[in-house]
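All chains should be built: construct the whole structure from the sequences, respecting the hints.
Below are the chains, spelled out letter by letter.
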Amino acid sequence: MMRRRALLALLPILLLSACGGVQSVLGPAGRDAEVIATLFWWMLGGAVVLWLLMNGLLIFVSRIDRRPYSPRAAEALIIGGGIVFPTLVLGILLAFALSEMPRQREPGSGLTVRVTGESWWWRVEYLPDGASDPVVAANEIRLPVGQRSEITLNAHRVIHSFWIPALGGKTDMIPGRETRMSLEPTRAGEFRGQCTEFCGESHALMAFGAVVMEPEDFAEWLAKEAEPATSPATEEARRGAAVFRAEGCGACHAVRGTAASGRVGPDLTHVGGRVSLAAGILPMTEDALVRWIRDPEAVKPGAMMPGYDHLPDADLRALAIYLEGLT
Amino acid sequence: MTDFAGSLPERPRAGEIEDAMPQGIYPPTEEMLNEPVDPELREAQAARLRAVWAEPPGWRYWSAVNNSEVGAWYSLTAFAFMLAAGVLALLMRVQLSVPENDFLSADRFNQFFTMHGSAMMFLFAVPMFEAISILLLPAFLGARDMPFPRLSAYGYWSFLIGGIFVLSSILFGVAPNSGWFMYPPLATEAEGPGSDIWLLGLSFIEVASIAAAVELIVGVIKCRPPGMRINLMPLYAWYVLVVGGMILFAFPPLIAGDFLFEMQRSFDWPFFDPERGGDPMLWQHLFWIFGHPEVYIIFLPSIAIAAMVIPTAARRPIVGYSWIVLSAVGTGFLSFGLWVHHMFTTGLPSMSLGFFSAASEAVVIPTGVQLFAFVATLLVGRVRMIQPMLWIAGAVAIFTAGGLTGIMVALAPFDWQVHDTYFIVAHLHYTLFGGMVFPIIGGVYYFYPFFAKKKMSDRLGKVSFWLTFTGFNICFMPMHLTGLQGMPRRVFTYPGDIGWDWLNMISTLGAFVTAAGILVFAWDLLRSKKDQPFTERNPWGGGTLEWAHDVPDLGWGARSVPYITSRYPLWDQPKLLERMDAGRFYIPDAPEGLRETVVTSAVDAVPQHVARITGPAWCTLWAAAFTGGAFIFPTFHMYPPAILCGVLAIATVIWWLWTSTAQVPEAPMKDAGLGLRLPTYVSGPRAPGWWGVFITMLGDATAYASLIFGVFFYWTARPDFPPDNATHADPAFAALAAALLGGSWAMTRIARGVNRQGDRRTARVLLGLAPVAALAGGAALVLAVWWPGLSPATHVYPATMWAIVVWTCAHIGVGAIMQLYCLAGSIFGKLTPRYDADLWNTTLFWHFLGVTCLISAAVIGLLPRVL
Numbered sequence: 207m208m209r210r211r212a213l214l215a216l217l218p219i220l221l222l223s224a225c226g227g228v229q230s231v232l233g234p235a236g237r238d239a240e241v242i243a244t245l246f247w248w249m250l251g252g253a254v255v256l257w258l259l260m261n262g263l264l265i266f267v268s269r270i271d272r273r274p275y276s277p278r279a280a281e282a283l284i285i286g287g288g289i290v291f292p293t294l295v296l297g298i299l300l301a302f303a304l305s306e307m308p309r310q311r312e313p314g315s316g317l318t319v320r321v322t323g324e325s326w327w328w329r330v331e332y333l334p335d336g337a338s339d340p341v342v343a344a345n346e347i348r349l350p351v352g353q354r355s356e357i358t359l360n361a362h363r364v365i366h367s368f369w370i371p372a373l374g375g376k377t378d379m380i381p382g383r384e385t386r387m388s389l390e391p392t393r394a395g396e397f398r399g400q401c402t403e404f405c406g407e408s409h410a411l412m413a414f415g416a417v418v419m420e421p422e423d424f425a426e427w428l429a430k431e432a433e434p435a436t437s438p439a440t441e442e443a444r445r446g447a448a449v450f451r452a453e454g455c456g457a458c459h460a461v462r463g464t465a466a467s468g469r470v471g472p473d474l475t476h477v478g479g480r481v482s483l484a485a486g487i488l489p490m491t492e493d494a495l496v497r498w499i500r501d502p503e504a505v506k507p508g509a510m511m512p513g514y515d516h517l518p519d520a521d522l523r524a525l526a527i528y529l530e531g532l533t
Numbered sequence: 005m006t007d008f009a010g011s012l013p014e015r016p017r018a019g020e021i022e023d024a025m026p027q028g029i030y031p032p033t034e035e036m037l038n039e040p041v042d043p044e045l046r047e048a049q050a051a052r053l054r055a056v057w058a059e060p061p062g063w064r065y066w067s068a069v070n071n072s073e074v075g076a077w078y079s080l081t082a083f084a085f086m087l088a089a090g091v092l093a094l095l096m097r098v099q100l101s102v103p104e105n106d107f108l109s110a111d112r113f114n115q116f117f118t119m120h121g122s123a124m125m126f127l128f129a130v131p132m133f134e135a136i137s138i139l140l141l142p143a144f145l146g147a148r149d150m151p152f153p154r155l156s157a158y159g160y161w162s163f164l165i166g167g168i169f170v171l172s173s174i175l176f177g178v179a180p181n182s183g184w185f186m187y188p189p190l191a192t193e194a195e196g197p198g199s200d201i202w203l204l205g206l207s208f209i210e211v212a213s214i215a216a217a218v219e220l221i222v223g224v225i226k227c228r229p230p231g232m233r234i235n236l237m238p239l240y241a242w243y244v245l246v247v248g249g250m251i252l253f254a255f256p257p258l259i260a261g262d263f264l265f266e267m268q269r270s271f272d273w274p275f276f277d278p279e280r281g282g283d284p285m286l287w288q289h290l291f292w293i294f295g296h297p298e299v300y301i302i303f304l305p306s307i308a309i310a311a312m313v314i315p316t317a318a319r320r321p322i323v324g325y326s327w328i329v330l331s332a333v334g335t336g337f338l339s340f341g342l343w344v345h346h347m348f349t350t351g352l353p354s355m356s357l358g359f360f361s362a363a364s365e366a367v368v369i370p371t372g373v374q375l376f377a378f379v380a381t382l383l384v385g386r387v388r389m390i391q392p393m394l395w396i397a398g399a400v401a402i403f404t405a406g407g408l409t410g411i412m413v414a415l416a417p418f419d420w421q422v423h424d425t426y427f428i429v430a431h432l433h434y435t436l437f438g439g440m441v442f443p444i445i446g447g448v449y450y451f452y453p454f455f456a457k458k459k460m461s462d463r464l465g466k467v468s469f470w471l472t473f474t475g476f477n478i479c480f481m482p483m484h485l486t487g488l489q490g491m492p493r494r495v496f497t498y499p500g501d502i503g504w505d506w507l508n509m510i511s512t513l514g515a516f517v518t519a520a521g522i523l524v525f526a527w528d529l530l531r532s533k534k535d536q537p538f539t540e541r542n543p544w545g546g547g548t549l550e551w552a553h554d555v556p557d558l559g560w561g562a563r564s565v566p567y568i569t570s571r572y573p574l575w576d577q578p579k580l581l582e583r584m585d586a587g588r589f590y591i592p593d594a595p596e597g598l599r600e601t602v603v604t605s606a607v608d609a610v611p612q613h614v615a616r617i618t619g620p621a622w623c624t625l626w627a628a629a630f631t632g633g634a635f636i637f638p639t640f641h642m643y644p645p646a647i648l649c650g651v652l653a654i655a656t657v658i659w660w661l662w663t664s665t666a667q668v669p670e671a672p673m674k675d676a677g678l679g680l681r682l683p684t685y686v687s688g689p690r691a692p693g694w695w696g697v698f699i700t701m702l703g704d705a706t707a708y709a710s711l712i713f714g715v716f717f718y719w720t721a722r723p724d725f726p727p728d729n730a731t732h733a734d735p736a737f738a739a740l741a742a743a744l745l746g747g748s749w750a751m752t753r754i755a756r757g758v759n760r761q762g763d764r765r766t767a768r769v770l771l772g773l774a775p776v777a778a779l780a781g782g783a784a785l786v787l788a789v790w791w792p793g794l795s796p797a798t799h800v801y802p803a804t805m806w807a808i809v810v811w812t813c814a815h816i817g818v819g820a821i822m823q824l825y826c827l828a829g830s831i832f833g834k835l836t837p838r839y840d841a842d843l844w845n846t847t848l849f850w851h852f853l854g855v856t857c858l859i860s861a862a863v864i865g866l867l868p869r870v871l
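Chains as they are written, first to last, in our numbering: chain A, 207 to 533; chain B, 5 to 871.
Just so you know, these hints were derived from the structure itself, not from any lab. Please note: incorrect hints may appear among the correct ones.
[Stated by the list, open to error] Heads up, incomplete: computed chain B residues facing chain A, CB under 7 Å, no partners named:
| id | residue |
| --- | --- |
| 1 | G351 |
| 2 | M355 |
| 3 | R386 |
| 4 | A401 |
| 5 | W420 |
| 6 | R494 |
Beta carbons are placed, not taken as given, at the ideal position from N, Cα and C, and that holds for glycine.
Right under this line is the structure:
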């Protein structure tokens with residue numbers, strides 16, 4: 207029992223240190239996540255009390271007071287503990303949870319983000335109210351603070367699940383049907399989301415940056431995101447762009463404003479402006495870009511993208527500089 | 005007291021040959037029970053019984069079919085598979101101990117977690133319940149053996165072959181790698197034989213599981229000792245009944261799903277391919293209609309063990325027997341209404357989520373009643389902390405924690421956050437360790453003196469308990485937090501900067517401490533105890549019949565089958581043991597040299613029949629090997645050897661049935677002891693075999709219903725089912741099929757009647773024509789879809805029509821073989837007007853098959869016109 211107590215004493219410390227984190231349910235930054243975090247703390251408190259009562263009773267009857275009690279007390283225990291008490295508590299919990307459910311599923315207004323699960327990355331399309339053509343991006347979700355945005359979900363080949371723990375619950379993405387959810391961020395910041403339905407070899411490596419912005423910052427960012435790619439500014443970058451063309455990267459990737467218009471892989475028009483590379487796996491740095499392009503298989507086993515280890519280092523570096531400059 | 009001579013429960017119709025009925029006195033009077041047995045006779049009887057029930061010597065040991073041998077092999081095999089799956093868990097914990105580790109590759113890790121889950125569920129948890137029940141149930145019921153010993157042996161060999169096949173795939177790096185839930189399209193598209201190994205290997209094992217469930221249910225219903233009315237059964241028997249029933253209704257939907265899945269894998273029938281009208285969600289429904297009851301199938305037997313240990317520890321009968329029984333049945337029912345809580349995040353309508361949320365919470369109530377009844381029993385008793393109680397207390401501590409997190413995750417909005425994270429990993433291990441592993445280990449400590457006649461070590465037991473208990477909590481308690489911090493399940497690696505690293509390191513350390521505890525237990529279980537003295541007969545002072553066992557073991561189960569008047573006969577019925585040992589009770593002798601057990605009525609346990617049960621044989625091993633071949637060869641697309649194996653399996657089973665079941669007895673009645681004469685052969689609902697067929701067919705009908713559910717699922721979920729301008733099945737052929745199959749059904753039923761009336765010639769003619777009509781009907785059914793050119797690979801609509809036809813035709817084949825078996829029986833004298841059990845069973849099979857055929861014909865012939 208000593209060990210248990212030590213563990214219990216440690217628990218609050220563990221919990222407090224755990225609340226932060228960019229991917230934490232307990233560090234909410236959205237309306238839905240806040241409600242669930244509060245609900246969790248209440249349920250945890252109740253659970254600890256009930257656990258202590260149940261096991262305390264067991265220890266009491268088997269270790270402390272072994273006198274036989276009357277069968278009436280026994281019957282009262284079965285009916286009171288097994289039926290009356292749980293019916294009450296569960297009734298209250300259900301009433302709260304079931305009334306919360308429609309609120310969390312309310313349709314969003316203003317912005318719709320269409321996300322498609324690919325192996326193993328995210329195709330992201332922004333549709334502001336009234337817009338007909340989507341702004342295409344990938345591997346990063348940006349949302350304005352203070353409003354509920356609609357998120358529609360699709361999957362290309364296999365089932366994925368879309369989740370940003372700091373903002374709210376997850377919803378599966380299923381091939382052949384469209385699912386939906388909505389999120390209402392309450393504070394700006396950089397968070398992380400991840401695929402939560404097992405989707406094959408590199409399921410573990412399918413994450414994304416989730417950036418919550420002030421509405422005016424978001425509007426500004428989206429306007430810029432809708433624009434074609436900036437042309438390479440330096441000699442090095444221009445050389446990178448030439449490598450990009452020569453190696454046929456445009457067959458799979460699109461860079462709007464250039465000839466590259468592939469739809470198989472992620473859109474790279476503003477790749478350098480994202481917080482991470484390769485679906486939340488690598489930092490957006492020149493070194494990481496080189497590492498990824500040289501051998502994607504080593505970073506993400508089973509990835510569709512072929513490796514370019516036959517390219518001389520200088521070419522790879524130029525390519526990286528070009529891509530990093532696509533902000 | 006009843007004098008059986010004048011009271012026939014069912015009067016035969018005019019012209020029918022009368023069944024032999026019990027004759028004599030029942031129940032026995034106290035005077036009869038007090039009458040001493042002649043010591044010389046007693047010794048002669050015992051010698052004959054010993055010879056009949058002797059274990060086969062030497063290498064023939066492996067042909068044994070007795071429940072004590074098969075049960076022991078079964079449980080040790082399941083334990084070995086559990087250790088193997090545990091090793092996989094440890095390797096995964098090593099991989100996850102530090103971020104961005106490369107100890108295991110992604111693919112290997114995915115194979116490991118798939119196999120860990122699959123093996124723990126299919127090769128350990130469910131088979132362990134069946135193994136322990138096969139080992140213990142006859143003893144709880146004072147029976148000599150299970151009703152169908154060769155079926156247990158067949159089930160065991162199938163389990164062993166299938167388990168080794170599935171597990172060994174991991175050594176060749178071709179194990180299934182799409183998760184134990186095998187969601188399509190990922191699993192349907194997975195390359196290599198992994199998915200097929202999962203589907204075919206585990207289907208094979210599921211069939212064995214269902215076979216064991218059938219036998220256990222029949223054991224509880226028909227093999228109780230005289231006087232043990234249904235409300236006097238030990239609670240364990242109630243749980244066997246409930247869990248057996250759940251297996252019967254939960255596994256078939258999965259088997260139906262496996263069938264569709266394998267059709268897609270092998271022949272590209274697009275059941276789960278959205279591009280051709282299929283839907284991956286159908287698999288999720290079928291899988292979880294199985295998968296959630298599965299959780300309770302695992303949990304309830306362990307409650308059952310606790311229900312046997314606790315009265316002994318409290319030294320008084322269980323409190324709230326009826327409450328517990330009602331709760332067990334209630335849990336069983338409710339568990340079929342919870343499956344959608346595994347699918348809360350799939351975007352189903354809020355209405356369904358609300359309903360399944362509430363149902364998931366409701367199951368807390370019967371579970372709570374059972375736990376509180378145990379605490380209440382301890383409260384009113386004078387508790388002795390015997391060693392097994394330590395494990396039960398540990399189980400309660402762990403299980404209640406898992407139950408409390410279960411209340412949390414049953415709330416749909418909370419589940420949206422924690423679904424598929426380590427919070428769930430923690431939750432499910434708390435429920436399964438607390439609700440299965442701990443009670444089972446407690447049960448092993450408790451029952452070890454029963455099956456090994458020795459005691460395990462108290463000291464090692466304590467060491468093992470504290471290592472396992474602390475290790476478990478160190479491993480899984482932090483996982484709640486890991487999950488809340490956002491770590492998803494089934495990831496082979498994770499980045500170091502999110503705050504998951506130290507939590508994972510603690511979990512890994514805890515996993516190894518747990519493993520050490522399990523190893524200490526394994527050592528204590530398996531170490532040689534040759535030098536240890538035998539235990540006393542009833543070391544814990546229990547009150548139920550298993551403690552009437554003989555030390556050392558004598559193989560016969562019970563020297564004589566007692567007359568029972570109490571729930572705790574060893575406490576409440578004085579002189580019970582003495583009389584059992586003296587052979588004062590029923591069937592104390594084996595003058596014919598046959599293995600026998602008493603069969604009683606389902607509710608009141610009035611003796612009805614002395615059943616001759618089967619003895620050691622190799623045919624069960626061969627039948628299992630060939631069945632295994634029929635399932636395993638298709639994994640590698642080797643169809644000719646698979647078909648050959650299938651034919652050999654059917655031939656072996658026919659030979660087994662022909663030579664050992666429903667044999668014409670040497671005399672219609674025999675003296676069962678205590679002035680009671682019982683029939684040696686019964687047919688129809690009084691025979692265990694009839695119940696076996698009936699229960700099997702309930703399971704089979706459930707699988708068929710799942711296929712039909714699939715049709716209606718596509719119809720409601722998909723706008724293009726059936727597609728416009730689709731080719732439909734030919735209604736004329738479907739009608740012809742219905743007529744022919746209905747005719748075959750009717751002929752079988754009429755054959756049974758005329759055979760009973762003594763008209764063997766007409767019966768033979770009918771039994772000769774019936775299979776012809778059946779096969780012609782099957783051919784018409786095939787023509788109904790083949791003639792108009794329904795092409796199953798193009799769209800899910802023709803594929804479902806074909807699936808129904810294939811399923812129905814396979815059953816028609818079995819039905820025709822059974823009709824021919826009866827025909828041969830009639831010709832060669834195995835089946836006579838009086839001894840007609842085979843024909844009763846065939847007719848019963850055809851009642852189910854006839855309905856199946858008519859529904860199939862209607863669904864393919866009529867439904868498309870109605871839609």
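Verification of the hints:
no.: 1; hint: G351; verdict: holds (4 Å)
no.: 2; hint: M355; verdict: violated (10 Å)
no.: 3; hint: R386; verdict: holds (6 Å)
no.: 4; hint: A401; verdict: holds (5 Å)
no.: 5; hint: W420; verdict: holds (2 Å)
no.: 6; hint: R494; verdict: holds (4 Å)
In terms of the numbered hints stated before, the structure departs from hint 2 and from no other.
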